[in-house]
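S.K.: Every letter in the sequence shown is one number past the one before it in numbering that gives the first Met the number 0, and letter 18, counting from 1, is 17.
Just so you know, the hints here were simulated from the structure itself, not pulled from any lab data.
Possibly wrong hints are sitting among the right ones.
[Said to hold, decoys possible] Keeping only pairs whose Cα atoms sit at most 27 Å apart, straight-line, the calculated BS3-like set for lysine-lysine is:
1. Lys207 - Lys295
2. Lys355 - Lys56
3. Lys17 - Lys109
4. Lys295 - Lys355
5. Lys416 - Lys395
6. Lys295 - Lys340
[Claimed, not checked] Per label pair, the in silico range of CB-to-CB distance:
7. Ser152 - Lys355: 49 to 59 Å
8. Ile26 - Lys416: 40 to 50 Å
9. Glu104 - Ser74: 33 to 43 Å
10. Gln280 - Asn164: 58 to 68 Å
11. Glu271 - Pro180: 52 to 62 Å
12. Asp380 - Gly212: 27 to 37 Å
13. Gln20 - Gln139: 31 to 41 Å
14. Asp300 - Pro180: 49 to 59 Å
15. Glu406 - Asn284: 24 to 34 Å
16. Asp276 - Asp300: 29 to 39 Å
17. Glu179 - Ala121: 50 to 60 Å
18. Gly338 - Lys295: 12 to 22 Å
19. Leu211 - Glu179: 37 to 47 Å
Cβ atoms here follow ideal geometry from the backbone N, Cα and C, with glycine treated the same way.
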Amino acid sequence: MPPPRRYSHPEISEHIVKINQALDESIPVYFITFGGLELEHFHIPELLAVSNLQQHKINLFEPYSAPICYFTCASLNQTTLTTLCNALSQCQYFGQIASISHSIEDQPHKFTGQLINNFYAAHNLSTFSMQANIIGDVFQHQTKLDHLSRIQSISLFSPPKANLNNPETHLQLMYDLQSEPTRFIFGFNLNSTQTPIRKKLQQLNLPKRCYLGTTSMDNELATIMLNLAQIRPGDFVMDPFCGTCSILMSASQMGCYCVGSDLDIKVLRGKETTYVDGFTQYGMNYADLSWSDIHKPWTKDGTIDAVVCDPPYNIRAGAKITEKDSKENNFGVGCKQQGAKGLYLQLIKMASKALKIGGRLVFWLPVPYTEFDETDIMWCDGMRVECYPLQVLSSKYGRRLVCYVKEAEGENCGYHKEQVIFDNIREVVGMQ
Numbered sequence: 000m001p002p003p004r005r006y007s008h009p010e011i012s013e014h015i016v017k018i019n020q021a022l023d024e025s026i027p028v029y030f031i032t033f034g035g036l037e038l039e040h041f042h043i044p045e046l047l048a049v050s051n052l053q054q055h056k057i058n059l060f061e062p063y064s065a066p067i068c069y070f071t072c073a074s075l076n077q078t079t080l081t082t083l084c085n086a087l088s089q090c091q092y093f094g095q096i097a098s099i100s101h102s103i104e105d106q107p108h109k110f111t112g113q114l115i116n117n118f119y120a121a122h123n124l125s126t127f128s129m130q131a132n133i134i135g136d137v138f139q140h141q142t143k144l145d146h147l148s149r150i151q152s153i154s155l156f157s158p159p160k161a162n163l164n165n166p167e168t169h170l171q172l173m174y175d176l177q178s179e180p181t182r183f184i185f186g187f188n189l190n191s192t193q194t195p196i197r198k199k200l201q202q203l204n205l206p207k208r209c210y211l212g213t214t215s216m217d218n219e220l221a222t223i224m225l226n227l228a229q230i231r232p233g234d235f236v237m238d239p240f241c242g243t244c245s246i247l248m249s250a251s252q253m254g255c256y257c258v259g260s261d262l263d264i265k266v267l268r269g270k271e272t273t274y275v276d277g278f279t280q281y282g283m284n285y286a287d288l289s290w291s292d293i294h295k296p297w298t299k300d301g302t303i304d305a306v307v308c309d310p311p312y313n314i315r316a317g318a319k320i321t322e323k324d325s326k327e328n329n330f331g332v333g334c335k336q337q338g339a340k341g342l343y344l345q346l347i348k349m350a351s352k353a354l355k356i357g358g359r360l361v362f363w364l365p366v367p368y369t370e371f372d373e374t375d376i377m378w379c380d381g382m383r384v385e386c387y388p389l390q391v392l393s394s395k396y397g398r399r400l401v402c403y404v405k406e407a408e409g410e411n412c413g414y415h416k417e418q419v420i421f422d423n424i425r426e427v428v429g430m431q
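Using the sequences plus the hints, can you model the full thing?
M.R.: Listed below in structure tokens is the structure:
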């Protein structure tokens, strides 16, 4: 078997030094191991958004070296850490660090035993299980047990009785052999690190749904979008390009009231099945939809908590606008094609009016893979850009998940420059 691919992360050595300094000062340091390296650009933005929503100010050890991040937070404890990580779509493992080094053979931190013993005493725990995550290699179970026994004998801590079926806590071995240099973490956690959000994501997998379209949004990506929008149960979420309602179904699953619109009446009505069947399939409340043009918004100003959408890129789905002079009454008649530049400008204009103060606009923006800066996206009075992480789709192009937050009322919107890179995205991908 060929050796695993190694990823250079020179910052790891600096992280280890700083974390050990924090442990010397009895400052709790937490870690999260993320899955889905193809979405690694979303890991930290989603973590920051969810922590802000839950009113935790976390201090990251930067830069992030995927797939493990470290942070401190004065307001976190074992219970609130679990609540935070259970909301993250990409979280696989999490816990508090008791020791960190480059190798599993290194000496554990001098306070490791004290941390573990205090942890068990404070929570009155009687059972534990060991979790091991070896990245870039495979260890036999006995090898993992040997490493745990070695750490235990050196650190002089006394774990409770082992229980593999229903443990009250976990001792964790995290060994990253995929990074250069390597890193080893010994940690602990009060609750199961099998986050329940993973089950929710699987429930709405696209192959299981009865109503789909060619551009239906994957539930995992939709959840990331909604987390960046910092929605809460009971919030009003709007998708002005709702199509088959894939994003709104994810929002409904998270307890939101959903409204949407689309200019394609055929998608809204369906044929043998409709969006109503999709919501009925999962026992969700229906979204309130309307057939409308984004240039003629129907929402009342300041009533929406989040606008979350995937506008048409003119690649698989085209953008249309109703013609002012059209007197046709039939659905979909009297429409003409519209460029992406005008569509995105109208989107932010609509959102700046519809959103409440503090509300967020989250949308996908197609961009050439190597060419992008913040001047390629719109400016709008009262709206601030929070982040725009990249998802790579091919060697030629990707898409940015752009997030704005409304901080004040404003009137004017526009572009920083005349030519923006996404207006000719069809040429970039070789479609014309």
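S.K.: Each of the hints needs a verdict: does it hold here or not?
M.R.: Here's how the hints hold up against the structure:
Straight-line distance between C-alpha atoms of Lys207 and Lys295 comes to about 35 Å, which puts the hinted pair past the 27 Å bound. Taking the CA atoms of Lys355 and Lys56, the gap is about 23 Å. The hint holds against a cut of 27 Å. A hinted pair counts as satisfied when its Cα atoms are at most 27 Å apart, and Lys17 with Lys109 qualifies at roughly 15 Å. Of the supplied pair hints, the one linking Lys295 and Lys355 holds, its CA atoms being roughly 19 Å apart against a limit of 27 Å.
For the hint linking Lys416 to Lys395, the alpha-carbon distance of about 22 Å falls within 27 Å, and the restraint holds. Taking the CA atoms of Lys295 and Lys340, the gap is about 17 Å. The hint holds against a cut of 27 Å. Between Ser152 and Lys355 the Cβ separation comes to about 57 Å, which falls inside the hinted range of 49 to 59 Å. The supplied range of 40 to 50 Å is met by Ile26 and Lys416, whose beta-carbon atoms lie about 45 Å from each other.
Checked against the given bound of 33 to 43 Å, the beta carbons of Glu104 and Ser74, roughly 35 Å apart, stay inside it. Hint check: Gln280 to Asn164, Cβ distance near 33 Å, so the stated range 58 to 68 Å is violated. Roughly 57 Å separates the CB atoms of Glu271 and Pro180, a value that falls within the hinted 52 to 62 Å. Look at Asp380 against Gly212: about 35 Å separates their beta carbons, and that is inside 27 to 37 Å.
Hint check: Gln20 to Gln139, Cβ distance near 34 Å, so the stated range 31 to 41 Å holds. For Asp300 and Pro180, the Cβ-Cβ distance of about 54 Å falls inside the hinted range of 49 to 59 Å, so the restraint holds. Between Glu406 and Asn284 the C-beta distance comes to about 31 Å, which sits within the given range of 24 to 34 Å. Between Asp276 and Asp300 the CB atoms are about 33 Å apart, so this pair conforms to the stated range of 29 to 39 Å.
For the pair Glu179 and Ala121, the supplied restraint of 50 to 60 Å is violated, since their beta-carbon distance comes to about 37 Å. Remark: the range hint 12 to 22 Å for Gly338 to Lys295 is upheld by a beta-carbon distance near 18 Å. Between Leu211 and Glu179 the beta carbons are some 42 Å apart, a value that agrees with the proposed interval 37 to 47 Å.
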